[in-house]
Structure formats: C-alpha cells, structure tokens
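The hints should help you fit chain B onto chain A, whose structure is shown.
2 protein chains.
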Amino acid sequence: MSVLEKIDIFRQFTDFNDSELEIIMPYFVAKKFKKKTHLLDVGKVSDEVYYLIKGCIRLYCEKDGEELSTYFFTENMFAGSYDSFLSRRPSKVAIETLEECEVLVLTHEAQEKLYDIFPKMNEFIRKAIEQRFVLLHDLFISYLLNSPEERYLMLQKDRPELLQRIPQHQIASFLGITRVSLSRIRNRLAKK
Amino acid sequence: MSVLEKIDIFRQFTDFNDSELEIIMPYFVAKKFKKKTHLLDVGKVSDEVYYLIKGCIRLYCEKDGEELSTYFFTENMFAGSYDSFLSRRPSKVAIETLEECEVLVLTHEAQEKLYDIFPKMNEFIRKAIEQRFVLLHDLFISYLLNSPEERYLMLQKDRPELLQRIPQHQIASFLGITRVSLSRIRNRLAKK
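Chains as they are written, first to last, in the working numbering: chain A, 468 to 659; chain B, 468 to 659.
Okay, chain A solo, but in the shape it has when bound (with noise of 0.2 Å):
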C-alpha cells in the first residue's frame, strides 16, 4: 500500500498536512490478517485498534454457550473493541476478521505517545470516538424501540453490502433472532 492511500485515509476526519502525516503514520503500524483471525478473546483488555483497510472484521459477545454478533466493521472504519481499549478494564466483546482483512494497526501505548508529542492527535480521535458513539447508539436505540423485520429493513437500507458478506446466522444473531426466523422474514419480505 502506498503512503498516498493512507493519506486518503486519515484526512476523513482532520486537515493533516503532508509533515504532519510524517509525524503520525510511524504510529500506525500496517498488518494483514487471514480471515477467521481470533483478535481478543471476552475478558482481556484490548490494547489495539484496527483501520480497516479491505475486509470485515466482527464484534461478538457470548450468552449460554451462543454468540451475539454486536458489530460489524468493514472498509474505512475503525474496528476494535472500544470499550476495553479505552477504559482498560476487560473485554465484554471478543474479535476476529471475517474475511482476510489490510489494516492499520493503532496500539493503546503508540496512542497515548501520539496525544504527548502531537495533541492534534486529539481532534482526530474526538471525532474518530464521535462517530463510533453516533454508531453505538442507533444500534442501541434500534433495539429498544424497533422489531427484529425493522431492523432488518434498516440494514438493508443503510450496509446493503453486509447482507452479502456476513454469514446469515451471524446476521441473525446481531438481529436478536434465530437463522430460521431471519428466513422466515426474507420470505416474508420477498412476498411483498
């Protein structure tokens, strides 16, 4: 990958100029990883975050033995379990990659470095956290006030393209439901 691509990436948020990008980039450290790759396990503390280059990588807890997909991640989005790396307190989600994934890997340490010698690392990650909490709570509020074929349609509407990538029973636990109920309402849907 080009530096010119990872400038793309990190003027989404923030006017870096080209010196600037100099300071940063060393930070955040290239990896690629195969799909099905365990990232953190339920209960450790989560020391990195992920720049989504190309791939999906998946947020999940775990409930009576199942697991509950809690987020999908894909390109030009930050993956990781946010929760953990910044309150440093354990994990309540596990993470791996659904596909073979290009990231840019931000650790906690090279972070905290960042904030010390550039503090304009901080309007980076404001807005960075800003759009996750904007995430977190439609995801939040969609499973208080809507029904499981409404969160559905809403996927279909706003991330069409996971409805390919991700495996159905993975869509179907981050519905709340079962396989056979999120079948139920695509037929259903299919109908109309």
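I should point out that these hints are in silico values taken from the structure, not numbers from a laboratory. It cannot be assumed that every hint is accurate.
What the hints assert, rightly or not - List time: in silico DSS-like cross-link candidates among lysine-lysine, alpha-carbon distance up to 27 Å:
no., chain 1, residue 1, chain 2, residue 2
1, B, Lys-502, B, Lys-521
2, A, Lys-594, B, Lys-587
3, B, Lys-587, A, Lys-580
4, A, Lys-594, B, Lys-594
5, A, Lys-624, A, Lys-659
6, A, Lys-594, A, Lys-499
7, B, Lys-580, A, Lys-587
8, B, Lys-499, B, Lys-521
9, A, Lys-587, B, Lys-499
10, B, Lys-580, A, Lys-659
11, A, Lys-530, B, Lys-498
12, A, Lys-624, B, Lys-521
13, B, Lys-624, A, Lys-587
14, A, Lys-594, B, Lys-511
15, A, Lys-511, A, Lys-499
16, A, Lys-624, B, Lys-511
17, A, Lys-594, B, Lys-580
18, A, Lys-511, B, Lys-624
19, A, Lys-580, B, Lys-530
20, B, Lys-498, B, Lys-511
21, A, Lys-580, A, Lys-594
22, B, Lys-511, B, Lys-594
23, A, Lys-511, B, Lys-594
24, B, Lys-624, A, Lys-530
25, A, Lys-624, A, Lys-498
Just chain B, lined up with the frame of chain A:
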C-alpha cells in the same frame, strides 16, 4: 457559584491552567432549571449539552405511547442527547429534568467556536465523549446479556443513589420491565 468551583469541574479531564480557564469559561453559561423542565423533544436537533452541577436529568424515548427511560445523569456528568448534538440529526430521545438543576450549558455553536480558538478543547471533549461511550456500551451490553434482576443489582451496586432519587416507574422502564415486575424483584431480593 464561584469561579473556583467551576475550575474544579474543568480539571476533571484536562489540566487547564488558570489563563486557559479564563478563555473557555465564558462559553459555558450557568443556568438553573425547575424540576420537570422539558429540555428537548424527540425529533428536534439538540443544540445544547448540560454539565450537571446539581440535580438529575433523564433521557427517554417513546414506544407505543409509553416512555422508556434510557439514561439518568447526575452531578459531574455531561447530560444531553449526544447522538443528535454530534450528528446534527433529529434526536431519538427527549430530555427532561427530574429535579431542580444547576447546570453549565454548552451550545453547539459555542463548542465549534471553542474548537477554533482553543484547540485543547478537543482533548477535553474527547475525554468526555470517551466516558459517555463507555457508559453507553455498558448499558448496551447489559441489555444483551443480563436479566432485569441482574441489571437492577448492577444499578444498586454502581449508582445506588439513583434508586432513591428516581421514581419507581422510571427505574422500571429503564430496566425494560413493568412497575409490578420491579416490585417483585425488590421483594425477592429483600427476602434473600
């Protein structure tokens, strides 16, 4: 309220010195609200957040004509419909005071000006929104993983004063149960 008291509040997240506090304080306007003051309707864009010096503020959404309490803010917290305040979209939650409140109001316009004239504000707001993110994530995960009784026990452990300050029907709606179910939980726990 003296300036010294305000200073304590703003040193919670960031080491502002006295001359920095002189810059930012005029952007935070002290106000008092009576109990049951309605601060925001669902569907309106939120233009204000409230740093709570004294009192209690509730967020709630509406479902089938019922109010569902989604959060209670008390002293030393930034209360508000952050989702709408940040995204500039119509709010999914309403805001009201549950007690007489003393607050410092930061408008969206004042916040944007502060970012321009005083970049260190990014660090302060980053930390405030990170704290808010962690609280929202805790709430979201507890909805997914815990029973109403478990959530009642968490509330009792983490924020015992809320159980005294908040009307029972609002605690019940926050836990996603009826007032009768809440009474049953309390009776069951009292017998243990």
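Going down the list of hints, with the structure as the test:
| no. | hint | in the structure |
| --- | --- | --- |
| 1 | B:Lys-502 with B:Lys-521 | 12 Å, holds |
| 2 | A:Lys-594 with B:Lys-587 | 14 Å, holds |
| 3 | B:Lys-587 with A:Lys-580 | 16 Å, holds |
| 4 | A:Lys-594 with B:Lys-594 | 12 Å, holds |
| 5 | A:Lys-624 with A:Lys-659 | 16 Å, holds |
| 6 | A:Lys-594 with A:Lys-499 | 25 Å, holds |
| 7 | B:Lys-580 with A:Lys-587 | 16 Å, holds |
| 8 | B:Lys-499 with B:Lys-521 | 9 Å, holds |
| 9 | A:Lys-587 with B:Lys-499 | 35 Å, violated |
| 10 | B:Lys-580 with A:Lys-659 | 50 Å, violated |
| 11 | A:Lys-530 with B:Lys-498 | 45 Å, violated |
| 12 | A:Lys-624 with B:Lys-521 | 42 Å, violated |
| 13 | B:Lys-624 with A:Lys-587 | 38 Å, violated |
| 14 | A:Lys-594 with B:Lys-511 | 22 Å, holds |
| 15 | A:Lys-511 with A:Lys-499 | 22 Å, holds |
| 16 | A:Lys-624 with B:Lys-511 | 23 Å, holds |
| 17 | A:Lys-594 with B:Lys-580 | 16 Å, holds |
| 18 | A:Lys-511 with B:Lys-624 | 23 Å, holds |
| 19 | A:Lys-580 with B:Lys-530 | 46 Å, violated |
| 20 | B:Lys-498 with B:Lys-511 | 21 Å, holds |
| 21 | A:Lys-580 with A:Lys-594 | 19 Å, holds |
| 22 | B:Lys-511 with B:Lys-594 | 26 Å, holds |
| 23 | A:Lys-511 with B:Lys-594 | 22 Å, holds |
| 24 | B:Lys-624 with A:Lys-530 | 22 Å, holds |
| 25 | A:Lys-624 with A:Lys-498 | 31 Å, violated |
Comparing the model with each numbered hint stated earlier shows that hints 9, 10, 11, 12, 13, 19, 25 do not hold.
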